[in-house]
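Start from the sequences, fold in the hints, and give me the full structure.
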Amino acid sequence: MPGFPGGYSHHGTNPRERRCVEYEVTSQLQTELFPGMLERLAQLNASLYHFSLEGFHRSDLPRILEYSSNDEGHFAAHMDVGGAMSTRKLSFVVMLSKPDEYRGGELEMLPGNVVQVDQGMMIVFPSFLLHQVHPVTQGTRRVLVGWIHGSPFS
Numbered sequence: 001m002p003g004f005p006g007g008y009s010h011h012g013t014n015p016r017e018r019r020c021v022e023y024e025v026t027s028q029l030q031t032e033l034f035p036g037m038l039e040r041l042a043q044l045n046a047s048l049y050h051f052s053l054e055g056f057h058r059s060d061l062p063r064i065l066e067y068s069s070n071d072e073g074h075f076a077a078h079m080d081v082g083g084a085m086s087t088r089k090l091s092f093v094v095m096l097s098k099p100d101e102y103r104g105g106e107l108e109m110l111p112g113n114v115v116q117v118d119q120g121m122m123i124v125f126p127s128f129l130l131h132q133v134h135p136v137t138q139g140t141r142r143v144l145v146g147w148i149h150g151s152p153f154s
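Using my numbering, you'd call the opening residue of the sequence shown number 1 and step up by one each time.
Treat the hints as calculated values from the structure; they're not laboratory data.
Check each hint, because a few of them may be wrong.
Each computed SDA-like pair below joins lysine to any residue, with the alpha-carbon atoms no more than 25 Å apart [said to hold, decoys possible]: (1) 98 <-> 114; (2) 98 <-> 125; (3) 98 <-> 63; (4) 98 <-> 62.
Right, here's the structure in full:
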C-alpha cells in the first residue's frame, strides 16, 4: 500500500480465523490524526459509555487492515479484549475504502447487526462486543482500526 511501511500478514494466525494484511500508521499521520481522534472518542465515551480511559497504548497503536478478495480476506467472530489486551475499552473502525471498491467485507456486531458505513465514517463500540468481518468477495476493503485503553473491566 503506497505511503505505508511494508504490510505483513499474520504468520502463525489461523487463516480460518483471520486473513488480512496489516500496515503501521506513519508517524506523520499519527501526529496529524491521533490527537483529534482521541478528543472525539473521549467526548463520545463521556456521553455514552462512561469508561475510565487512558488513551492509546504505545504497544497497541491504531493500524490499517487490508482485506482482499484475492484470498477472501476476513476476520472471524472475536472480541478485542482478553489476555494481553485486557485494558482495551473502546474499539473503533474508520472506513478508508469507498463502498464501490469492494463487495462483501461487512462488519457484523453479533448476533446479526450488520453495520453499513461510507468512506471516512468511524464506528465505535465497547471492545468486549463480539464482532466479525465477512469475507471480501470482490476488490479490496481497507480500514483504520484502533483501541482506547483504560484500567481493566472489573
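Here is what the structure says about each hint:
About 17 Å separates the Cα atoms of residue 98 and residue 114, which keeps this hinted pair within 25 Å; it holds. Annotation: proposed proximity of residue 98 to residue 125 holds, straight-line Cα distance about 22 Å (limit 25 Å). The suggested pairing of residue 98 with residue 63 holds, with an alpha-carbon distance near 18 Å, which does not exceed 25 Å. The suggested pairing of residue 98 with residue 62 holds, with an alpha-carbon distance near 20 Å, which does not exceed 25 Å.
This entry satisfies every hint, going by the numbered hints stated previously.
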